[in-house]
Amino acid sequence: HNSGRTILDNKVKIWALSYTPVDQHLIPTGIVVPVKGTPYDFNKDTTVGTKINNVPGGYDINMALDSPKKNPGLRHAVRVKYDFSGRILNLWTTASGLQFYISNMLKTIVGKGGAIYGKYSALALETQTFLDGVHHPNFPNIVYKPGQIYHHTMVYRFSVHK
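Numbering of the sequence shown is given in this note's numbering, commencing with residue 23 and proceeding in unit increments.
Don't read these hints as lab results, they were simulated from the structure. Be aware that a few hints might be false.
Claimed, not checked - DSBU-like, lysine-lysine: derived pairs with alpha carbons at most 35 Å apart:
| id | residue 1 | residue 2 |
| --- | --- | --- |
| 1 | K66 | K129 |
| 2 | K33 | K141 |
| 3 | K184 | K73 |
| 4 | K129 | K141 |
| 5 | K73 | K58 |
| 6 | K103 | K73 |
| 7 | K167 | K141 |
| 8 | K167 | K129 |
| 9 | K73 | K134 |
| 10 | K134 | K66 |
| 11 | K167 | K103 |
| 12 | K184 | K167 |
| 13 | K66 | K35 |
| 14 | K35 | K134 |
| 15 | K103 | K58 |
| 16 | K184 | K35 |
| 17 | K134 | K167 |
| 18 | K58 | K141 |
| 19 | K66 | K33 |
| 20 | K129 | K103 |
| 21 | K58 | K134 |
| 22 | K167 | K33 |
| 23 | K167 | K73 |
| 24 | K141 | K35 |
| 25 | K134 | K33 |
| 26 | K184 | K141 |
| 27 | K129 | K58 |
| 28 | K103 | K134 |
| 29 | K73 | K141 |
| 30 | K184 | K134 |
| 31 | K167 | K66 |
| 32 | K184 | K129 |
| 33 | K184 | K58 |
| 34 | K103 | K35 |
Predicted model, so just to flag it, every value in this text is computed and none were measured.
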């Protein structure tokens, strides 16, 4: 809070071999593309700011999470490390996708205690199905009929590394 730092200094690892590209209006195109060799490859700890100039507008993308092998339910989705403070966030989910957004479009706002927050001041890790899946039969099913129950789980674990 009020550190004057941005999310660009954080190291992120996302357990995803693919992502779903979007058009200029941020609508999914319907294809699933491997992350290897792209700015969306976070398969090892990667400082967010190292690739940001290769992503027009910044990160706001659905990552297609790897299929779980050991546990068909929860899968390790993402780890965020912040070396400045030593904080680590790990997130597991049963969802097939993870929207990775780093407040690219955030206008400058004043927060608690007068802290100033703007572009790249935070990240969002949104577990979900694939956006616009109703229009893309190759995406995981997102249609639920009356009476069907939708359920997915997220587990957050916070720790500190010194």
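So, going through the hints one by one against the coordinates:
1. K66 with K129: holds (30 Å)
2. K33 with K141: Answer holds: K33 to K141 is near 18 Å, not above 35 Å.
3. K184 with K73: Status holds; Cα separation ~26 Å.
4. K129 with K141: holds (7 Å)
5. K73 with K58: Answer holds: K73 to K58 is near 13 Å, not above 35 Å.
6. K103 with K73: Roughly 17 Å between the alpha carbons, so the hint for K103 and K73 holds.
7. K167 with K141: Not satisfied, since the Cα-Cα distance of roughly 39 Å exceeds 35 Å.
8. K167 with K129: It is violated: about 38 Å lies between the C-alpha atoms, which goes past 35 Å.
9. K73 with K134: holds (30 Å)
10. K134 with K66: Holds, at about 34 Å.
11. K167 with K103: Given pair K167, K103 is violated - Cα atoms ~40 Å apart, limit 35 Å.
12. K184 with K167: violated (49 Å)
13. K66 with K35: Between K66 and K35 the Cα gap is close to 5 Å, so the pair holds against 35 Å.
14. K35 with K134: holds (29 Å)
15. K103 with K58: Status holds; Cα separation ~21 Å.
16. K184 with K35: Measuring from Cα to Cα gives roughly 19 Å; hence the hint holds.
17. K134 with K167: violated (42 Å)
18. K58 with K141: Judged against 35 Å, a Cα distance of about 27 Å means the pair holds.
19. K66 with K33: holds (9 Å)
20. K129 with K103: holds (25 Å)
21. K58 with K134: Outside the cut-off at roughly 40 Å; violated.
22. K167 with K33: violated (40 Å)
23. K167 with K73: violated (41 Å)
24. K141 with K35: At roughly 21 Å apart (the allowed maximum being 35 Å), K35 and K141 satisfy the hint.
25. K134 with K33: This hinted pair holds, its Cα atoms lying about 26 Å apart.
26. K184 with K141: Holds. K184 to K141 sits at ~28 Å (cutoff 35 Å).
27. K129 with K58: holds (32 Å)
28. K103 with K134: The given pair, whose Cα atoms are some 24 Å apart, holds under the 35 Å limit.
29. K73 with K141: Status holds; Cα separation ~16 Å.
30. K184 with K134: Judged against 35 Å, a Cα distance of about 28 Å means the pair holds.
31. K167 with K66: Roughly 39 Å separates the two Cα atoms, so the pair is violated.
32. K184 with K129: Status holds; Cα separation ~33 Å.
33. K184 with K58: holds (31 Å)
34. K103 with K35: This hinted pair holds, its Cα atoms lying about 9 Å apart.
Hint check: violations occur at hints 7, 8, 11, 12, 17, 21, 22, 23 and 31; the rest are consistent with the structure.
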